[in-house]
Structures are given as C-alpha cells and as structure tokens.
Amino acid sequence: MISDATLAASAAPSGYEALLAIDPSVLEAIPAAVYVCAADGVIVRFNRRATELWGRMPEIGDTDARFCGSFRLYHLDGRPLPHARTPMAAALRSGRPQRDKEVVIERPDGSRIVASVHIDPLRDGNGQVQGAINCFQDITGRKQAEKISARRTEEQAALFQITDRLHRARSLGDVYDSALDAILRALPCQRASILLFDESGVMRFVAWRGLSDDYRRATEGHSPWTPEAKDPQPICVDDVANADIAGSLRATIRAEGIGALAFIPLVTDGRLIGKFMSYYDACHVFTDAEVDLAVAIGRQLGFGVERMRAEEALRVSEARESARAAELRTIMEAVPAAIWIARDPECRVISGNRTSYELLRLSPGDNPSLSAREDERPENFEVLVDGRVLAPGELPVQRAARGEEIRNFEHEVRFNDGTSRYLFGNATPLRDAEGDPCGAVAAFVDITDRRNAEEQRQLLLAELSHRVKNTLATVISIGQQSFSRNPNVDEARRSFAARIRALAQTHSRLAEANWSGVSFEAMLLDEFAPYFRDDGSNVRVSGPPIAFHAKCALTLGMTIHELATNAAKYGALSTKSGSVDVTWQVDARHRQLRIRWTESGGPTVSPPGRSGFGRLLLERALASDLGGDVRLDFVADGLKCAIAIPLDEHVARVA
Amino acid sequence: MRILIAEDEFLVGVHLEEDLRSAGCSIVGPFSSLETAMRAARRERFDLAVLDINLNGTMVYPLADELSARGIPFIFLSGYIAADLPERFRQARQIAKPHDPAVLIEEIRAAAPKADRGHDAPLKMPR
Chain A
1 MISDATLAAS
11 AAPSGYEALL
21 AIDPSVLEAI
31 PAAVYVCAAD
41 GVIVRFNRRA
51 TELWGRMPEI
61 GDTDARFCGS
71 FRLYHLDGRP
81 LPHARTPMAA
91 ALRSGRPQRD
101 KEVVIERPDG
111 SRIVASVHID
121 PLRDGNGQVQ
131 GAINCFQDIT
141 GRKQAEKISA
151 RRTEEQAALF
161 QITDRLHRAR
171 SLGDVYDSAL
181 DAILRALPCQ
191 RASILLFDES
201 GVMRFVAWRG
211 LSDDYRRATE
221 GHSPWTPEAK
231 DPQPICVDDV
241 ANADIAGSLR
251 ATIRAEGIGA
261 LAFIPLVTDG
271 RLIGKFMSYY
281 DACHVFTDAE
291 VDLAVAIGRQ
301 LGFGVERMRA
311 EEALRVSEAR
321 ESARAAELRT
331 IMEAVPAAIW
341 IARDPECRVI
351 SGNRTSYELL
361 RLSPGDNPSL
371 SAREDERPEN
381 FEVLVDGRVL
391 APGELPVQRA
401 ARGEEIRNFE
411 HEVRFNDGTS
421 RYLFGNATPL
431 RDAEGDPCGA
441 VAAFVDITDR
451 RNAEEQRQLL
461 LAELSHRVKN
471 TLATVISIGQ
481 QSFSRNPNVD
491 EARRSFAARI
501 RALAQTHSRL
511 AEANWSGVSF
521 EAMLLDEFAP
531 YFRDDGSNVR
541 VSGPPIAFHA
551 KCALTLGMTI
561 HELATNAAKY
571 GALSTKSGSV
581 DVTWQVDARH
591 RQLRIRWTES
601 GGPTVSPPGR
611 SGFGRLLLER
621 ALASDLGGDV
631 RLDFVADGLK
641 CAIAIPLDEH
651 VARVA
Chain B
1 MRILIAEDEF
11 LVGVHLEEDL
21 RSAGCSIVGP
31 FSSLETAMRA
41 ARRERFDLAV
51 LDINLNGTMV
61 YPLADELSAR
71 GIPFIFLSGY
81 IAADLPERFR
91 QARQIAKPHD
101 PAVLIEEIRA
111 AAPKADRGHD
121 APLKMPR
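Chains A and B, in that order, give the protein sequences.
Under the working numbering, the residue at position 491 of the first sequence is numbered 491, and the numbers go up by one with no gaps.
Under the working numbering, the residue at position 125 of the second sequence is numbered 125, and the numbers go up by one with no gaps.
I should point out that these hints are in silico values taken from the structure, not numbers from a laboratory.
All values reported here derive from a predicted model rather than from experimental measurement.
Not one of these hints is a red herring.
Computed, partial: chain A to chain B, Cβ under 8 angstroms:
1. Ala462
2. His466
3. Lys469
4. Leu472
5. Ala473
6. Ile478
7. Asp625
The beta carbon of each residue, even a glycine, is placed where N, CA and C say it ideally should be.
Extracted from the complex, chain A is given alone in its bound form (with noise of 0.2 angstroms):
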C-alpha cells in the first residue's frame, strides 16, 4: 500500500520534478535561453533558444557535455572555461545562485557570442539539490556597446589629457611626450613617432616610441608632402605588404615588423609643420572616425608646437633684448661723456650716465632735468650760451625732444660756487613707432680742459706777439743810440752789432732758464768773456746767488755790457795791469741788492763824454725800470760805481 506521508510527498513535485515534466511549449514561451541540469550536471531540459544560443543541440542525459550544451567555454578575458568550473558547475556544487556571470560561448562554427548567465539551483523537499535552471542571454550586442562606449570613453580621456598637458606644457619634450601618450591611448596603434621639418625643409624625427635607430636613419626624410602642401591629408596604409611603396622602403618597414602605419599632417595656420606616425604590427582596417579622432590629436600637437616655437622664440629674443639692454648699459658707463635720456617728449624725467651725474655733481638716483617739477628739479647749476642763461625749453635735450637735431652744440655749466664747466656735443629726437618724437638722448664732451688751454694759447700767443714787437722796438732804440751818438759809422756799427748780440745773449740765458730767471753771476762773467786774461786775474766776481726776472735781466745785461765795454775801451781792462772787480750782497733789512763795481790800476779816467748810452741806462733805466740807486765815481785809480736796487719779488729772488 502507498503511504500518506509518501503520496503527500510525490503530491507536491519540487521544481526539479515540475520542470523536468514540464510540457515543452511552456519553455519555448520563455523569452530567454533556459535549460535543467540535474545535480551531477546532465542536461535534462533545454529550450530552442538555448540551441541557437549554443549553435548546437546537446542530447539530452549526455554524460559527456554536463553543465552547459556549449561547444567551448572562454573566460570574458579570453581563458578557456572548463565545462566543470562553470557557474552552473559552481551553482550545483555550491546550492548558491548564480547571478548576472558573463560567459564566452564558443559555437561549433566558431564564431563567440557572449552570455549572461542566471542560475538558480533546485531543491527537493529535504532540501537537497536536486538540479539547476540557467536562464541565459546573448549579451553580446550590449558588450559591444560598452566596449564602443569605453573606446569612446579612453579616447575622449586621451584627448583631453593632451589638450591638459599640451597647456602646462613647459618644453618641446613636454609637448611630444603630451602627443605620444595620447596617441597609444587613443589610437590601436602599437607604436608612434613624431617628426617636424627642419630650417632646411627635411622632416626629421624628434620624437618616437618603439622604433630602431635603424629604422629612423632609414625613413627619416620621407614625407609625403612638401612643405609648401596646402590642405595635406591623412594617408592610411592599412597592409605594407600590398601598398605602392617603394621596394627598399617597403623592405625597411616590414624588417621593422611593422604591418601598417598612418601618416597625420600637423598643420598650424595654414602652414604644414610635420606628421606624427601611427604603426600598427598588423594589418589595419582605418576607420573614419579613429582617422578623425588622429587628426584631432594631430590639430593639439600642431597648437602646441607652434606655442611652444613662439614661447621659445619670445624667450630668445627677451635674452637677446636684455644682453643687448646690458651691452647698452655697459657702453653708456664706458664712454668717457655725459650722455642724457628722456624718455618723454616734454623731458620732464631725464636719466644719465655715472659721467653725466658727476658732470652735473648730482648724486645718479637725482633727476637733472631743468623741465623737472620744482620740487624734483637741480637747483646747484644754471647753464648758458655766450653769457646769456638758456630757459628750459632751449636746452638741447629738451630742444630735440620737440624734433629737432641738434649737432655741436657748446654751452656752459655755471654752478653756484662760481665754477664753470663747458661742454660740447649733440643730441637727437627719439621716435616712436609712428616717427613722432617721444624723447631725446644728447652725448656730451667736457671740453672745459681744452677751453683753458686755448684760452692759455691765445694769451701766450699776444704775449709773445707783445713780446716780440718790445724786443724789436728795443733794437731800434739801441740802433738809434748807436747811430746818434757816434759820428763814425763803423764805430757805430761795431757798437751796434755788439749791443744787439749782448741783448741776445741774455735772451739764451733765460730761455735755458724757461724764463723763469737769470744768474747774476753768469750776466757778468758772459760780458766779461771777451777780456779775461789766460790767468783769469783781472776780473773777480763775487757775491751771493741772485736771480734776475726776464725785464730787470734784459736792462741790467745792457748796462754791464756798456760798463764792461768801457771798461775794455777807455778803463781798466784796457791795460794789462788793470783789474775788475764786482761783488754784491744782500742786505735783509732794508731788502736791498748792493752792487759793487771797482775799476782799478787802470788809465786815469775823466767823466765821460761819448758813453752816453751807458749812463742813460745806469742813471735812468736803472732808476726807472728797477727802481734802483746809482752812484758813479769817477775817482783817479778808476771808475767805482754802487748801486742799490730794491729786492722786489718782481725784480729778483735770492736764489
């Protein structure tokens, strides 16, 4: 007899039982794949659309294929799933659900289809599993998506991470490492370069991933386009093997394993500065919208180049700038003048160099200019042009900064204390972009120097014209004295010529002096040169050293050329036993030079007749252009005469 407990038991199927007996029309309803498994993993039910789904029809209690009616089973990431280790496998071994796993199916035509997987396992009544039901779905279309989707994603990212780097970019390598990254993140390229055309129009490498140097020093130069290209486009060569390429360069790229590459033109404002690679180790099929996202990253190279080129032209020409601002600087230091600046039109502000600061004695933070507000402008100099003080507006500076060119121009600088500097020079409008004066630089030369010296010049060049013309009117004179006072005229001429040549004699001695005085000693043993005996005795000369200035020396070198020559002609030196004697001292007291001239053991002397000349100069030159005291006594033993000139600075100084 069957049991209660027994029938209730086999009353209530389990779901296991319900679906095993299930009619087939209810799992052909389901909108999904289904199929059973029992616990030891036999297929027992299945409907058509997991057929379609596996590409096959497994038999049913197969013990062969258990878990799944697939052919081959693979991992998302492409591992072979063992028919055991499937989420059914698991679900049966473990009691657990299996919710939303995603599977590769493999089909027997080997094409893959990728499934999501919902698995729930079967229990009896006890509890025990007695199977699992797997509904599954061919997800293989919302996988593509969201692969498409994550492309989208990557490339997106790629794009605006170089437009983000390209901005903060620092340096060319910046740029091209920006450039590379984006393109192997962006594009299913494997490997990437970058080359620009040279100063010489050749395109060059300057930056690359993944290739030989043997590969560069090969293509390097290769362009599809000239630089003068307009509009260049992308060129895609998706199989090396089979393109129009040139034999070697083909061999060349194929050695390098490269199976096809594309070449993106970089162009900025019109202008095509170079390509960036993209070599893929395989055949490729080019897509549009992978050849316009290329071209994108291309278009963000090209900015950053050109960005980069400009910010490293600007700072070249910056250094450039500065190193000539200090060349400039250093020059202006340099220069021995006094060069002046102003950088507006009405000068308001001038700036100088150290010379012109020290020229002005101003101290170099100090604004020189007379246009200057009241309370900024110098107050310690005036400056003007043949006397007359010049108004601000007058100065050349200021004078050229309205426009005009001023060329050597001279003027003076008057201080307060009186002194005076002159300067000599130019200056010239600085003009703006549009030529209008907007300021002035002036170059100065102190000639105050040379100023004095001319000056100096002229001055000595008037004394020696007065000079010259006393000397001659002198040599009148003695020639009238000579001529008037003597009937016979060789005696007169003899006279003449030896009063002249006395004169001159005293002219040598004072030259040999720089005129700056002559001996008295030396005065009277030159006239006495002619009259000395062989043993010197009959001229004596004694008396301290005493220098006479040019005027006094000329007068009293005539007068002892006359007392000298008398002496020889009519005195003592006209015998042999006569003698001369001449001493003179000094007398501090009353400052006085007392000169003494003793003839003796000469002819008896008379006071004279005919040395007029003599005593003219003795008793009236002496008197008047030395301001001296004359005595003559003409006593038997010979001709004594004392004289007494006052020690003036201007008559003489005592050596």
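We have chain A; now place chain B onto it with these hints.
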C-alpha cells in the same frame, strides 16, 4: 704840445721821448707803471698821451678811460693786434711797435689838431 708817455720798456720810452722832442714837443714821463702814469695824469697838464697798452703786466685801459672822460686824446702804442683789445677801444687810434716816427707825428696831429695850432711851435716832421 705837451705829451704824456706811458711805456714800460725803458729804451723804447727814451726813443719816443727823443723822437717827440725832435718834433718840438715837450714830454711828461715816460712812466713805466699804470700807477705812476695815472698819478702824473691827474697832476700834470698835457695835450695828448701816447700809451703802451701793457705796462709790466697791467693793462693801461683805466687810464685810457679816464682820459676819454676828460676829453684828452690818446694814441695806443702796441704790440697787440686790434682784436685783442676790449670792444670799446677797438676803434681807438693806435700805432704798431716799433713805431714809425712819421706815422706817429701824423697821428698826433690828427688827434689833437687844436693843440697843434696852439701857441706852441707847430710839430716838425722828422727827417
């Protein structure tokens, strides 16, 4: 005619003196410094002055200015050229050193015609 001479070169002064005496003039001086010449000029009576421009380094211009003010004619005797003279004296009578006696007498006559026709003997031309 009485003539005052200022000349610092003794022999030149003596020469002038002799030339002018031969022409019939009487002489005041010669004086070799501006000081002595000015003192004499204020003290003495004379009709004309012959002035050396440079008297031992001092210019004779102050004396010339005084004589101008007093209306007494003067002649510069000079080793300087006209351009070296101050503006106001550039047109004054001057003869060069060394002097030509005939030229000197001519200038004196022209400068002081009234004196020449005065009670003193007329100027005699040098030989």
